[in-house]
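Following the hints, position chain X against chain B.
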Amino acid sequence: MNFEDELRSALRRREPSPDFTARVLARVAATPPPQAVQPWARQPLVRWVAGIAATFIMAAGAFEYREYRGEQAKTQVLQAMRITASKLNKAQKKVQMISHRSNS
Amino acid sequence: MPVPAPSHAPSLDFASLVRQHQAMVFSICWHVLRDRAVAEELAQDVFLSLYQHLATLESPEHVQFWLRRVSSNRALDVLRRRQRRPMVSLESAPEPVAVSPKGDPLLGSALRRLVGALPEKARAIVVLRYQEDLDPAEIARILGIPVGTVKSQLQRALGLLREKLSRSLGEISL
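From first to last, the protein sequence lines stand for chains B and X. All residue numbers for the first sequence refer to the working numbering, where the first residue is 1 and numbers rise by one. All residue numbers for the second sequence refer to the working numbering, where the first residue is 1 and numbers rise by one.
These are computed hints drawn from the structure, not numbers from a lab. Here a beta-carbon is modelled for each residue, glycine too, at the ideal position from N, C-alpha and C. You may find that some hints are simply not true.
[As the list claims (entries may be wrong)] Not the full set, but computed from the structure, chain X residues with beta-carbon under 10 Å of chain B:
#1 M24
#2 A39
#3 D45
#4 L107
#5 A110
#6 R162
Bound conformation, chain B alone (with noise of 0.2 Å):
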């Protein structure tokens, strides 16, 4: 023989356990059933379809993201603002009550 048939001998297909189809058939009883696929979900047409309609609820979805991240950046600008301008108004009230005790 010469070396790829002792590699073909060599690698047979050999058999498993004698209870290797009870066991499989054992475990899948004790699956649930397989979802079935609808014959209508496998036509190319729909698949691109919700493609398309996937590929557009995610750029909706990203846009409203944004647009939802700006409001809140906004919010945020306009709370420093008024923190600071309350800070800036208490400032000046103690600046103006030191020059009125300087004053008098």
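Just chain X now, kept in the frame of chain B:
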């Protein structure tokens, strides 16, 4: 209790499919992994997965192609996981008892051991080539790699096997 095939695929009787292909699936796993217990477990997983996907498979040829692809890829996955996390080798476990119809049993055992020491992809290619008697184009489709890669890896693997075999036979004869 007989397990029927999913109702939407009445032409394919699942139990017969298991009986028909179990030697092929188990042997791919076993020759790639060199571990009988893990190979049996993996072969069971492959058939469980087949049960889940049976409705999407259109013909007996498609089932066979699917089984070859899934068992090869899953065996390679196990191999990669094992290499990342080394385990105690079970190679010392006895090999399955099989009557050798032809060929030298010692040589066969040495060849299986050497195939089991090949790099993972080359190992799967050699198993699909010589266990399943597939041509490089079919192996390339199953493993999802270019035909040129299959041919070059096969040549390199054969060279390596010849070299190592002649070295180990030389050691035995000493």
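Okay, the hints, checked on the actual structure:
Given the 10 Å rule on beta carbons, the hint for M24 of chain X holds: about 6 Å separates it from the nearest Cβ of chain B. With a cut of 10 Å, the hint placing A39 of chain X at the interface with chain B holds, because the nearest CB-to-CB distance is about 8 Å. Because the beta carbon of D45 of chain X sits about 9 Å from the nearest beta carbon in chain B, less than 10 Å, this interface hint is met. Proximity of L107 of chain X to chain B holds as hinted, the smallest CB-CB distance being about 6 Å (cut-off 10 Å).
At its closest, the beta carbon of A110 of chain X sits 8 Å from a beta carbon of chain B; the interface hint therefore holds under the 10 Å criterion. For R162 of chain X, the interface hint holds, the least distance from its beta-carbon to any beta-carbon of chain B being 6 Å, beneath 10 Å.
Hint check: no violations occur; every hint is consistent with the structure.
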